[in-house]
Amino acid sequence: MGFENIRKAVIEMDDQKVEQLVHEALGKNCEGIDILDNGLIAGMKEVGKLFARKEYYVPEVLLASEAFYAGFNIINPLIKSSARKPKAKVVMGVVEGDIHDIGKNIVKVMMEASGYQVIDLGRNVPTPRFVESVEKERPTVLALSSLMTTTMVHMGDIISELEKKKLRDTVNVIVGGAPVNEDFAKKIKADGYSPDALSAVQLIERFISG
Amino acid sequence: MDKISAVIDHERQSAVFPLVCADHCAYLLNYKFSEVATCGQKLAEVLAYGYELYRYDMVLVFSDPYVEAQALGCPITFDPYPTLLGPKSHNRLDRTHEIAEAAQILKNKVDVPIFVSIKGPFSLAAFLGGIEHFLKILLKKEEEAFSLLQEAMQFQNTYLDTLLHLGINIFIGDPLSSSSVISPTIFSKYALDPIKALVQKIKEQGVLAGIHICGDTNPIITTLDTIGADILSVEDITIATRTVRMGGVSTHTILHGNADRITAEVKDALNNRPLIFSTSCDVPPQTNPDSIRTMLQSVREYSGS
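Chains A and B are the protein sequences, given in the same order. Under my numbering, the first residue of the first sequence carries the number 1, and numbering increases by one thereafter. Under my numbering, the first residue of the second sequence carries the number 1, and numbering increases by one thereafter.
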């Protein structure tokens, strides 16, 4: 069964319709994993492309994310863990002193929609908490976000701390946010910089494909 | 005639003002920012210090983006730098009179034009409603969005009356209306008319009006050019406009770049004159003063200003 209607409802940012259509699909004994992959995730991938092409902007992506989660939250508990093995684990958060998390949340939904397990540390996260999380969770990627020039310096601190704890080689660190760019990423010895959510996912794809 | 007005009147090709604000000056003086942001005299003191240190061609009275939002009840923390903690609640702290006091002191003290930075009604409305919530209701609950905009506009009209009474020039900063955040369609629907109304009011008083929008403004630059402001401070200054542009050196370069890189960006910007050479956004507090001096020297040397 195709799930074009669910995909379309995500793209059209209609959370109520997504919820209704997901319930209908489950009522017809459709597999949760199929609804997720071919409806919700397919919709969110298209939203990411529309955002990259500047056909969608932040408000549209926020509403599409709501629509995605309206379906995801129904389906997720029904999917057997063996049916959907995450591609990789990502720890992410907004650095200390910064509470701007819209960008981080958009990246999170795109990563979840792309099959990654995301451990979201939230916003205003102190440096030691990032380091502890890398030590405990052993993620493939640590994604750091900052919207302020006054807080972006903490990204370098986190990488230095990872080096001190001999954890730096265990994880790929990527950075993003309005004041950050490629030069800054190189300067603090991050593994990558991403200007938007879609390219963050593409960056991670490159890491896991070696 | 001062250099800024001369550029606007096409009598000069260039002037210079890196967007040095109170946080950078307070950082250099090792002042606690909360004290600077809440005291007009101290705000004037740090901005006068910045002017004496660098001798640029105007002074911008800007402590933080949340002055008006806090006056309308948004919770703010100043530690270590101003941060908006959430949408409006009931705890109002009005610092607008401190800003006006600082502007008045500086007007009497320094010999270059003084501008006060106020928030564009669109960004202020977003602060009042909570940024994420506001961005969502733009598409789904127009009435609520317009109601917040109206509240923002009412406040800015009154605040502007106070500032214009002092004969001060005005810069309207509207970061959330950039095309990095909203579409040109949403910009035209919600953000454009309020800015236009404020600019018209400023111009009627015979003082200068600037607009600063950081992020991507290319999709709306021709619209911005029709507003009637004197200055457009934007990240990409390469698109020709009738309005005098301001910019040329990226904020990242001023914070992290070496002298060669800063000079190179100044030289690249020469073709875009008439221009007020500036940074694309506020100079970060921890910026090395030598980088700012390099920018000023390069502008003076290569543009002859």
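Calculated from the structure, these hints are not laboratory results. One or more of the hints may lead you astray.
Claimed, not checked - The calculated PhoX-like cross-link candidates involving lysine-lysine, where the alpha carbons are at most 25 Å apart (straight line), are:
| # | chain 1 | residue 1 | chain 2 | residue 2 |
| --- | --- | --- | --- | --- |
| 1 | A | LYS45 | B | LYS88 |
| 2 | B | LYS141 | A | LYS54 |
| 3 | B | LYS88 | A | LYS8 |
| 4 | A | LYS54 | B | LYS189 |
| 5 | A | LYS17 | B | LYS141 |
| 6 | A | LYS17 | B | LYS140 |
| 7 | B | LYS88 | B | LYS203 |
| 8 | A | LYS49 | A | LYS89 |
| 9 | B | LYS141 | A | LYS87 |
| 10 | B | LYS88 | A | LYS49 |
As the structure is a prediction and not an experimental result, all values here were calculated from the model.
Checked hints:
A distance of roughly 35 Å separates the Cα atoms of LYS45 (chain A) and LYS88 (chain B); the hinted pair therefore is violated under the 25 Å criterion. Taking the CA atoms of LYS141 (chain B) and LYS54 (chain A), the gap is about 23 Å. The hint holds against a cut of 25 Å. Our distance criterion of 25 Å between C-alpha atoms is broken by LYS88 (chain B) and LYS8 (chain A), whose separation comes to about 35 Å. With a CA separation close to 18 Å, the supplied pair LYS54 (chain A) and LYS189 (chain B) stays within the 25 Å bound.
As the CA atoms of LYS17 (chain A) and LYS141 (chain B) are separated by approximately 17 Å, the hinted pair is consistent with the 25 Å bound. Between LYS17 (chain A) and LYS140 (chain B), the direct Cα distance comes to roughly 14 Å. Compliance with the 25 Å bound is thereby established for this hinted pair. Annotation: proposed proximity of LYS88 (chain B) to LYS203 (chain B) is violated, straight-line Cα distance about 31 Å (limit 25 Å). Taking the CA atoms of LYS49 (chain A) and LYS89 (chain A), the gap is about 23 Å. The hint holds against a cut of 25 Å.
Annotation: proposed proximity of LYS141 (chain B) to LYS87 (chain A) is violated, straight-line Cα distance about 38 Å (limit 25 Å). A hinted pair counts as satisfied when its Cα atoms are at most 25 Å apart, and LYS88 (chain B) with LYS49 (chain A) does not qualify at roughly 34 Å.
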